[in-house]
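Sequence lines, in order, name chains R and L.
Oh and the first sequence: position 133 is 116 in the numbering used here, straight run, nothing missing.
Numbering-wise, the numbering used here comes out as the position in the second sequence, counting from 1, plus 1484.
Simulated from the structure, these hints should not be mistaken for lab results.
There could be a bad hint or two in this list.
Claimed, not checked - Sample of chain R residues at the chain L side, in silico, Cβ under 7 Å: (1) G11; (2) P13; (3) I18; (4) K22; (5) E39; (6) I40; (7) A57; (8) G58; (9) G62; (10) Y121; (11) L122; (12) L123; (13) F126.
What the hints assert, rightly or not - Quick list of simulated restraints, FRET-style, between CB atoms: (14) F16/R to T1675/L: 41 to 51 Å; (15) C82/R to A1502/L: 20 to 30 Å; (16) V1729/L to P134/R: 19 to 29 Å; (17) N1677/L to L1/R: 40 to 50 Å; (18) I21/R to S1733/L: 52 to 62 Å; (19) L5/R to E1565/L: 52 to 62 Å; (20) R(-9)/R to L1602/L: 46 to 56 Å; (21) L1602/L to K38/R: 47 to 57 Å; (22) A96/R to S1712/L: 43 to 53 Å; (23) F108/R to T1519/L: 14 to 24 Å; (24) G(-3)/R to G1606/L: 21 to 31 Å; (25) A96/R to A1700/L: 52 to 62 Å; (26) I1539/L to E116/R: 31 to 41 Å.
A virtual CB, placed ideally from N, CA and C, is assigned to each residue, including glycine.
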Amino acid sequence: MTLGKNGRLAVKWGLYLLLLLLCCGLQGAPSLFSIGGIKPLFLPALAVSLSFFEKEIAAGAYGLAAGLLWDVMAGKVFGFYGILLMLCCIAATLLSMYCLRVNYINMMLANGAVTVLCLLWDYFFTYLLWGYEGNAWYLLRYFFIALYSLPFALLLSFLIRKIVSRFSPVIRA
Amino acid sequence: MREFLKSLRFKILLGVLAVLLGMMIYAAGSGGIDTLPERIFASIVTPVTKFTTTITDGFADFFSVFFNAKNNYEENLLLKEENAKLKQQLADYGTIKTENERFKEILNITELDADIELIDAGVISRDPTDSFYSFNIDRGSAHGVSLRDPVVTADGLVGFISSVGPTYSTVTTLFNPQSNVGALDSVSRETGNVTGTIELAKENLVKMEFLSTETAIQEGNLIVTSGSSGMFPADLVIGEAKEIVTEDSGISLSAYIEPAADITKTKYVYILTSFLGQSSEEEAP
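Use the sequences and the hints to build the structure in full.
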């Protein structure tokens, strides 16, 4: 059975949604993938990977949804990561439309940059702004979180690319 | 790029951004009570994280048998040793219990436990970026949880409820510098304030600050809640004093305390919704 254009679009976004919920669950699971207290981030990588294949509004909305889920899960002020991820996803889409080629190297660079940005955003508002002593140590911890997130980001980029190539009529080059 | 900046899509995005900023300010001013959009998103997050946590915990428990065999063996030896000591203590316990009951009758002391009402809860998610080990639990206002309710395990105090939704809540732990608990040394009866610091959190320690330079608190002493603030019941175990240090100012001392509860790994907690001497004011502890 072959799907029509709307059917493929519905299946594609259904899969995106499933991935979003899966990543939300994996990121929040207390003991999963934890090495020495360091756990990977899934939501920023997923949102940025998708941005390389979708338009600005869709990417921004997906980034916003991912960020807001993260906010609720992390007990942050509602919109803390939501706004940042939305802007990052729009920027990633624009870069992929006008400046960058869509390949795994660029996707990983963008993923790494956004993950680091999210962590610095958290570091600034959670630690630096409050003037806690010895907070520089957490920069190192964040570095390891970002590094540990990269292999998972590659896997998510691969999955998103597979979904897009299967269900989208046109793929951005 | 210029096309995009002049397009309607860009204006829509600016509008969305403005709405989001407004929503964020509103949420920040809500004082820990979740707003409607937060509740909607939480109704998605809570079952999803609860489900994945159940699955992943099952996997982790299964594989931990193989990965932790050596640790389990060493732990077993330690437990055997501890068991022998406890047996000895148990022999003394009967005598002490009888004596204690007699003293209680004489002094007509009321049992505090009778006034405590608690709700059990499961940990459903932990944020990888949070260095103070805060976590979400599967109980909220619908179950009778309120802001600032103390959270404990069978071993001791864990923290307090810092944000509450209908079916979930966020727990801020003792490691967080924003947590302040009135505490008391069970031996010397000296009081102080137990709080967290960024440096101590990574070593799973908290500190009891504002102790005089002539403090009688010693390593190994049990630190409990004083109950003076009305936010926590009295005599809840916080932990054991590990080290006494002089503060940078040089005018006071601090005791580093190892929390009795395993805050970083606990999967189940209890929320104390009512207890003797509870304050009705919702002040930050």
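We went through each hint and held it up to the structure:
Interface restraint check for G11/R: the shortest CB-CB distance to chain L comes to about 3 Å, inside 7 Å, so the restraint holds. For P13/R, the suggested interface contact is upheld, since its CB lies about 4 Å from the closest CB of chain L, less than 7 Å. The criterion of a C-beta within 7 Å of any C-beta in chain L is not met by I18/R, whose closest approach is roughly 11 Å, and the hint is violated. At a threshold of 7 Å, the smallest CB-CB gap from K22/R to chain L is about 4 Å, leaving the interface hint in force.
Against a cut-off of 7 Å between C-beta atoms, the interface hint on E39/R holds, since the closest Cβ of chain L lies about 6 Å away. Among the interface hints, the one on I40/R holds; its C-beta lies about 6 Å from the nearest C-beta in chain L, closer than the 7 Å criterion. Restraint check, A57/R versus chain L: the minimum CB separation of about 4 Å is within 7 Å; hint holds. Of the supplied interface hints, the one on G58/R holds, with its beta-carbon coming within about 4 Å of a beta-carbon of chain L, less than 7 Å.
Here the hint on G62/R is kept, as its CB sits about 3 Å from the closest CB of chain L, short of 7 Å. A least Cβ separation of about 6 Å between Y121/R and chain L falls short of the 7 Å threshold, and the interface hint therefore holds. Residue-level restraint check for L122/R is violated (minimum Cβ-Cβ distance to chain L is 11 Å; threshold 7 Å). Because the smallest distance between the Cβ of L123/R and any Cβ of chain L comes to about 10 Å, over 7 Å, the interface hint for this residue is violated.
About 12 Å separates the beta-carbon of F126/R from the nearest beta-carbon of chain L, more than 7 Å, and the hint is not met. The given range of 41 to 51 Å is respected by F16/R and T1675/L, whose C-beta atoms sit roughly 42 Å from each other. For the pair C82/R and A1502/L, the beta carbons lie near 27 Å from each other, so the given range of 20 to 30 Å is met. Distance hint for V1729/L and P134/R: a CB-CB separation of about 41 Å, inconsistent with the stated range 19 to 29 Å.
Range check, N1677/L to L1/R: Cβ separation about 47 Å, and the 40 to 50 Å hint holds. For the pair I21/R and S1733/L, the supplied restraint of 52 to 62 Å is violated, since their beta-carbon distance comes to about 34 Å. At roughly 45 Å, the beta-carbon separation of L5/R and E1565/L lies outside the given 52 to 62 Å, and the hint is violated. Judged by the Cβ atoms, the range 46 to 56 Å given for R(-9)/R and L1602/L holds: they are separated by roughly 52 Å.
For L1602/L paired with K38/R, a C-beta distance near 51 Å keeps the hint of 47 to 57 Å intact. Evaluation of the 43 to 53 Å hint for A96/R and S1712/L yields a pass: the beta carbon distance comes to about 49 Å. Range check, F108/R to T1519/L: Cβ separation about 19 Å, and the 14 to 24 Å hint holds. Separation of G(-3)/R from G1606/L is about 30 Å and conforms to the stated range, judged on CB atoms against 21 to 31 Å.
The hinted window of 52 to 62 Å between A96/R and A1700/L holds, with their beta carbons roughly 54 Å apart. Restraint check, I1539/L to E116/R: a C-beta distance of roughly 39 Å satisfies the suggested window 31 to 41 Å.
Of the numbered hints listed earlier, those contradicted by the structure are 3, 11, 12, 13, 16, 18 and 19.
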